[in-house]
Amino acid sequence: MNGTEFVEMIGGLGASRIRNLFKEAKSRAPCIIYIDEIDAIGRKRSDASASGFGSGSGEEEQTLNQLLVEMDGMDSAQGIIVLASTNRADILDKALLRPGRFDRHITIDLPTVLERKEIFELYLKRIKLDHKPAYYSRRLAQMTPGFSGADIANVVNEAAIRAASTEKTLVTIEELDFSLQRVLAGAEKRSRTLIEEEREIVAYHESGHVLVGWLLEHTDALLKVSIIPRTSAALGFAQISPRERKLFTKEELFDRMCMSLGGRAAESVVFNRITTGAQDDLEKVTKSAYAQVKMYGMSERIGPLSFPPQAGFEAESELYKKPYSAMLQHAMDQEASSIVSKAYFTAENLIRDHRNLLEKLARTLLKKEVLSYEDIKALIGPPKYGDKQVIELAEHILPKPESNPTF
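Residue numbers are given in the UniProt record's numbering: position 332 of the sequence shown equals residue 332, and the series is strictly consecutive.
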């Protein structure tokens, strides 16, 4: 059953359904009870929720309490196994997870690079390719960190649809590249015409991202940059060649912030004004700056302190108690603002010092609309701190095919 099926507007109905479920299970034993999205009824309770001001409703708490009672009354001789799943384990009530209840936890993460390679090969075998699946799977796996199995299936399906729509009998690198861009950034929307002034601003904005990332040491490689409007509301985008990493240094986070602010800096330097196009970039750098100050302990002024968001509580809730003073909050706000300002100053100086390279990139982008890594390298030279095209992966994890496609 799904967790949402237990809770209704009528009081007591959820608890009644729990009782009936376990009663039927006992009559059918041995059997398995599986509850999907258990967070719908197993959300953390608080002292405040009992008075009606918390995040959970009284009906949800009654349903949860009945589930706890039923699980306490079970023993292994009854032949009933209770399974549950959720993608919000952080908000589950502790009583639900204690020994004797849901005490065996299996975490299913997003696929690793090796698993993505195998999933790509699984789906690529189902369509007609101009090469064997292994020819493409390695590179595709490298380019899709954070993709789920469903995302991978969507990439392959979009490639097959693209080939069919262009009356091709085989799926080639062209279709796979097209489908990957479509999943990442949305479909091309060439009917969405931009006035020449806007198009020029977008070209300089995206070129600013490219140039700052090209000149800094701790940034990922760029695969391509485009100023073709997309259905995702993006007027242009720069596709990064990502590295699958879990740990980042302060310097790496700072350089990434600089790259994100490169677009806004380019607008300011070239046009002496800014537009709303940098809203998403500003959101990213603001989150990164606050994370460095409030969570990662990377601020010398604030010190090695960490105040991660409390699961199950909204920051704007009156019941949410901050474990720090208003003075410390003000200091953290100032520090986060200082980090963002420093990153913007760095990006703007790089743009000013290399204005000639920015002009080359923007003017060429206006003509071609899409530039690849090789195009950029030929235009302004190799990256300052060495070639970043090769994705850093252990060769024993992903053995090389006979040849590697270039996307």
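Just so you know, the hints here were simulated from the structure itself, not pulled from any lab data. C-beta: ideal position from N, C-alpha, C; glycine also. Among these hints, one or two may not hold up.
As the list claims (entries may be wrong) - Listed next, with one range per pair, are the computed distances between beta-carbon atoms:
#1 GLY12 <-> GLY297: 46 to 52 Å
#2 ARG243 <-> HIS330: 42 to 48 Å
#3 PRO323 <-> ASN272: 23 to 29 Å
#4 LEU328 <-> VAL69: 42 to 48 Å
#5 ALA150 <-> GLY79: 30 to 36 Å
#6 ASN2 <-> ALA378: 50 to 56 Å
#7 ALA331 <-> ARG101: 38 to 44 Å
#8 GLN329 <-> ARG101: 35 to 41 Å
Comparing the hints with the structure gives:
no.	hint	in the structure
1	GLY12 <-> GLY297: 46 to 52 Å	holds, 48 Å
2	ARG243 <-> HIS330: 42 to 48 Å	violated, 36 Å
3	PRO323 <-> ASN272: 23 to 29 Å	violated, 44 Å
4	LEU328 <-> VAL69: 42 to 48 Å	holds, 43 Å
5	ALA150 <-> GLY79: 30 to 36 Å	holds, 34 Å
6	ASN2 <-> ALA378: 50 to 56 Å	holds, 55 Å
7	ALA331 <-> ARG101: 38 to 44 Å	holds, 43 Å
8	GLN329 <-> ARG101: 35 to 41 Å	holds, 38 Å
In summary, the structure is inconsistent with hints 2 and 3 from the numbered list given earlier, while agreeing with the others.
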